[in-house]
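Peer 1: Just so you know, we're using my numbering here: the sequence shown kicks off at 1 and counts up by one.
Honestly, the hints are just simulated from the structure, not real lab data.
For every residue, glycine included, the Cβ atom is placed at its ideal position computed from N, Cα and C.
Please note that a few of the clues may not be correct.
What the hints assert, rightly or not - Okay, the calculated beta carbon distance ranges per label pair:
#  : residue 1 : residue 2 : range
1  : Gly-9     : Thr-33    : 51 to 59 Å
2  : Gln-48    : Pro-82    : 22 to 30 Å
3  : Leu-13    : Leu-43    : 53 to 61 Å
4  : Gly-73    : Thr-33    : 34 to 42 Å
5  : Asn-27    : Thr-65    : 22 to 30 Å
6  : Gly-73    : Asp-49    : 21 to 29 Å
7  : Thr-51    : Ser-77    : 18 to 26 Å
8  : Glu-36    : Gly-73    : 27 to 35 Å
9  : Leu-12    : Asn-81    : 40 to 48 Å
10 : Pro-37    : Ile-3     : 36 to 44 Å
11 : Val-68    : Ile-3     : 54 to 62 Å
12 : Gly-52    : Asn-81    : 19 to 27 Å
13 : Asn-27    : Ile-76    : 26 to 34 Å
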Amino acid sequence: MRILRNFLGLFLLTAFNFSCVDENESNADFVDTISEPTNISALVSITQDNTGLVTIIPTGEGVVTFNVDYGDGSDISGSINPGNST
Numbered sequence: 001m002r003i004l005r006n007f008l009g010l011f012l013l014t015a016f017n018f019s020c021v022d023e024n025e026s027n028a029d030f031v032d033t034i035s036e037p038t039n040i041s042a043l044v045s046i047t048q049d050n051t052g053l054v055t056i057i058p059t060g061e062g063v064v065t066f067n068v069d070y071g072d073g074s075d076i077s078g079s080i081n082p083g084n085s086t
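Modelling step: build the complete structure from the supplied sequences, incorporating the hints.
Peer 2: Below is the structure:
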């Protein structure tokens, strides 16, 4: 009887926790109102000392992060914030 009472108490506690969900948390309609990024550009600086060092600084408005593909078959860079360099 004690096991049944403990199981029922645990079940009710779990049901209570999952029933307390704010309806706005599961609503993803805000995604439709997000505008696309604008003024996307990249400043590319090449060193003149024949080392082959290239610095890329991506910028843009409404951008959270950039992933830079170098185009040479190497791995894509990690997430870069606008204004930071790779």
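Peer 1: Against which earlier hints does the structure fall short, listed by number upward?
Peer 2: Violated hints: 1, 10; rest satisfied.
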